[in-house]
Amino acid sequence: MSQKRIAFPFPGLFKGMWVTLRTLFRKTPTVFYPDEKEIPVPRARGVISLDTDACTVCMLCARECPDWCIYIEGHKEEVPPAKEGGRVRTRAKLDRFDIDYALCMYCGICVEVCPFDALFWSPEYEYSEHSIAGMLHDKERLTEWLATVPEAPAVES
Amino acid sequence: MTTGLFALDTAIKVVVVLAAMLSGALVVIFAELKIGAHMQHRPGPYYAGGRFGWAQPLADGLKFLQKEDLVPNGADSRVFRAAPYLVVSATLATFVVIPFGPDLVVRDLDLGVFYLLAISSITTLGVLMAGWASANKYSLIGGLRAAAQLIAYELPLLLAAVAVVVQAGTMSLNGIVEAQAETFITVGSFDISVPFLLKGQLIGFAIFMIAAVAELSRIPFDMPIAESELTMGYLTEYSGIRFTMFFLGEYLAIISMAAVAATLYLGGYWAPFIPENLLNAAGPLILGAKVALLVFIIIWIRWTWPRLREDQLQDMAWRWLIPLALANIVIAGIFKVAF
Amino acid sequence: MTSPELMHRSEVAVSVELQTPDMTLNIGPQHPSTHGVLRLVARVDGERIRDVEPVIGYMHRGYEKLAEVRTYAQITALVNRIDWVAGFANEIAFIRAVETLAGIEPTERAQWIRLILSELARISSHLVFMSSYPLELGATTPLFHALRERERVLDLIEGATGGRFHPNFNRVGGVKPAAGGGSTQKKVSSDLPAGFFAGTKLAMDNVLAVCDDIDNLVTGNELIKARTVGVGVIPGDKAIEYGLSGPNLRASGVGFDLRKHEFILPYDEVEFDVAVAEGGDCYDRYVVRLDEIRQSVRIVLQAIDKVPSGPLQAKVPRILKVPQGQAYVRNENPKGEFGYYVISEGGRMPYRLKIRSTSFSNLSILPWILKDQLVPDLVAIMGSLDFVLGDVDR
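Chains as they are written, first to last, in this note's numbering: chain A, 1 to 157; chain B, 1 to 339; chain C, 1 to 394.
Isolated chain A, as found in the complex (with noise of 0.2 angstroms):
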């Protein structure tokens, strides 16, 4: 309780100044973008990237979406048999892969569910646009961002 009085001469203010005074003459921490940027953890969840190679358009990951921003199609087609005489296979071939960015709400739960290893995290954030269109990145434009996946970060033991 004798904290909540208030004693005359007032020493709580003069201690509050001394604190912004010696804040005056401490450098910022500020980082100056655009032109310096920070570098966020390989960890971080910036941009979801594809590797069509392994999508075999299973739909689990348009399926588990909880704002169902993936949009997928795909078709079947038909692949020669291996060896002599076996029977025709069918392959699936994905036509549109798009995420809607606009929409993401950047859970993961597309990366986690994916059987295959094809959706990867990559910590990018720079790519805003002006409309919101521009936020629909379809197959090609998702099979760029697998360049910047970091490699697996060392883990605690």
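Just so you know, these hints were derived from the structure itself, not from any lab. Treat the hints with care, as some may be off.
To be verified - With a straight-line Cα cutoff of 27 angstroms, these simulated DSS-like cross-link-like pairs (lysine-lysine) come out:
(1) C:LYS225 with A:LYS15
(2) C:LYS225 with C:LYS238
(3) A:LYS76 with A:LYS139
(4) A:LYS27 with B:LYS34
(5) A:LYS37 with A:LYS15
(6) C:LYS371 with C:LYS176
(7) C:LYS238 with C:LYS371
(8) A:LYS27 with C:LYS201
(9) C:LYS371 with B:LYS137
(10) C:LYS65 with C:LYS321
(11) C:LYS321 with C:LYS260
(12) C:LYS260 with C:LYS225
(13) B:LYS34 with B:LYS63
(14) A:LYS37 with C:LYS225
(15) A:LYS27 with A:LYS15
(16) B:LYS34 with A:LYS37
(17) C:LYS260 with C:LYS354
(18) B:LYS67 with B:LYS34
(19) C:LYS260 with C:LYS238
(20) B:LYS34 with A:LYS15
(21) C:LYS176 with C:LYS306
With chain A's structure known, arrange chains B and C on it following the hints.
Positioned in the frame of chain A, the structure of chains B and C alone reads:
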């Protein structure tokens, strides 16, 4: 350097002082932005005008000039439009009597202090007009708080100045500086002059500074503006040139109050060891240094302390500052007569 | 008075106060101090508030309805956003409720990591309070000090989970950082990043230093004391009556902290004090939160040494079907008691999810406490209750 013609003389002096003070206001605005920023551990203006950001106030001014001129729908349009000009002209009029050197004053009135305090209280009217005419309940609350606060703090301001007048024996600001320049005691072969701050006006100085910060509506007395409660108080509906007028008016008033405090208590344009003939040249610099110190303290306080509630600041004015100031006058009078 | 008959002179009441009609002042929904889109329709007499009616719902996002058509993993990603200031804390109670229903025990290491991150979320939320509360009273500087240190805490959370505000870290049976880059990442069991514990120790030192700075700037400041001591006093029994929880309750003298009563996380294995104050005014609520930051730092520093090694997540079937049942689990969120009531009919999605959010109950005391207060005191009191509209409206 006179041309002989009184009107021309005065016109030149007025223009020079106006120009100097307006650029001074820009400097103070920049100082507040930069110092305030570094006190908060951030860089402040950075891009406008090169790395230091010195052109920020100019950029802000240009930005405000090209903004749309809005008058709210239900507002009393003539009163709304007139309010900012009233505030700015009253503030500029205070610079007429402030001496920058023994001859560098627009007009050294015998009633200097009286004129100063009377003219600066016209700003209260302007603030009240702004609050009422904005047709906005928040502005109204801000305007009413401002009226109560500014009227309440006129009195300690005045009474503290009266104690100095009693001690100096004259109301003319030049006379007050000369009274401080007089020798107080002679130690060996040195004539020592003491500013009123140290000649018994310590409490008076504190009262004057508190009342000055309250007159300026700055934290810790910014209930009229109270950004986190009333958005911008009586200034909410203003934009463009009118807002610039209020803004400039506030910073001009900071310089004015600091200059008056420096003149009354710190010795004004006078400093020891400066020969008489150089005072006209060095005077503005000396006054400038003292004003800079006081302005720094005012900025420092603004960025550190929170604001007082309306009833608490009224309490402080009427129950503490005014009796203290009256006691100060009595003591100053006793000392003046007895010694 | 309106009777046409003559009145005896003893019945005539003469008022010397100027009778003026009250003004209806609409505070919000856009207002610098309402912590979001809260509307208070206040009847004001001069500067004194006669009564106040809060109008909420401007931020209703329909969480409980959304939860009826989302799987448990999807709901975990969504509920981060209820109390967005401390994202991680919102997930804990939910995931524990699901784990209770499904009968899955989380691993030891996961429980300790959840504890560390919960305390980091508490530090983060209270640092936001430290920055915004003095700002509402007019002191503009503590904001930058508090948020600067909060950045360090958020960097820690980002390093471990990938997201600063919305970690989405909990899974049924443990925790799982979002899979990072390289196909090797998925095959290697992801764990906390290297240097996490060392970085946490450093960040905690910085947080303690900034607590001292804020102490000097705010706690001892006589103007703050003048604005907050004796303002908005909530006696202990009224606090319990209105369902207050968290620091608001503890500042009124009721020393109830769920971390000492229900152990959904291993709080019984760390030593810490519960911050309690007696007065129940705004100053006490502020001091309790500052104290809680220090206690949370203490917990984190102990927990770092106690984290066992082991897997991060228990073995869980890929498609999780939770058996039929109901569970209510509550957690000590930074803002108070936060509970989830999950009703499952045996499926991938819950039948019903009811969220007992802290700020909704904390807000219910506003009409009682704001009666006959001054307008500046309204701002001080609302700020000291520390509610967030996302929490109120869900």
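Each hint, compared with the structure:
1. For the hint linking C:LYS225 to A:LYS15, the alpha-carbon distance of about 14 angstroms falls within 27 angstroms, and the restraint holds.
2. The hinted pair formed by C:LYS225 and C:LYS238 meets the criterion: a straight-line CA distance of about 23 angstroms does not exceed 27 angstroms.
3. Straight-line distance between C-alpha atoms of A:LYS76 and A:LYS139 comes to about 18 angstroms, which keeps the hinted pair within the 27 angstroms bound.
4. Our distance criterion of 27 angstroms between C-alpha atoms is met by A:LYS27 and B:LYS34, whose separation comes to about 13 angstroms.
5. For the proposed pair A:LYS37 and A:LYS15, the alpha carbon gap of about 35 angstroms is over 27 angstroms, so the pair is violated.
6. The straight-line distance between the Cα atoms of C:LYS371 and C:LYS176 is roughly 48 angstroms, outside the 27 angstroms bound, and the hint therefore fails.
7. About 14 angstroms separates the Cα atoms of C:LYS238 and C:LYS371, which keeps this hinted pair within 27 angstroms; it holds.
8. The hinted pair formed by A:LYS27 and C:LYS201 meets the criterion: a straight-line CA distance of about 23 angstroms does not exceed 27 angstroms.
9. A distance of roughly 20 angstroms separates the Cα atoms of C:LYS371 and B:LYS137; the hinted pair therefore holds under the 27 angstroms criterion.
10. Between C:LYS65 and C:LYS321 the CA atoms are separated by roughly 20 angstroms; this keeps the pair inside 27 angstroms, and the hint holds.
11. Restraint check for C:LYS321 and C:LYS260: the C-alpha separation of about 32 angstroms exceeds 27 angstroms, so the hint is violated.
12. Pair hint C:LYS260 plus C:LYS225 does not hold up; C-alpha atoms about 31 angstroms apart against a cutoff of 27 angstroms.
13. Simply put, B:LYS34 and B:LYS63 have alpha-carbon atoms about 19 angstroms apart, close enough for the 27 angstroms limit, and the pair holds.
14. With a CA separation close to 41 angstroms, the supplied pair A:LYS37 and C:LYS225 exceeds the 27 angstroms bound.
15. Between A:LYS27 and A:LYS15 the alpha-carbon distance is near 21 angstroms, which keeps this suggested pair within the 27 angstroms criterion.
16. A hinted pair counts as satisfied when its Cα atoms are at most 27 angstroms apart, and B:LYS34 with A:LYS37 qualifies at roughly 23 angstroms.
17. Between C:LYS260 and C:LYS354 the CA atoms are separated by roughly 24 angstroms; this keeps the pair inside 27 angstroms, and the hint holds.
18. Simply put, B:LYS67 and B:LYS34 have alpha-carbon atoms about 25 angstroms apart, close enough for the 27 angstroms limit, and the pair holds.
19. Among the hinted pairs, C:LYS260 with C:LYS238 is consistent with the structure: their alpha-carbon atoms are about 23 angstroms apart, no more than 27 angstroms.
20. Straight-line distance between C-alpha atoms of B:LYS34 and A:LYS15 comes to about 22 angstroms, which keeps the hinted pair within the 27 angstroms bound.
21. Proposed proximity of C:LYS176 and C:LYS306 is supported: the alpha carbons are some 20 angstroms apart, at most 27 angstroms.
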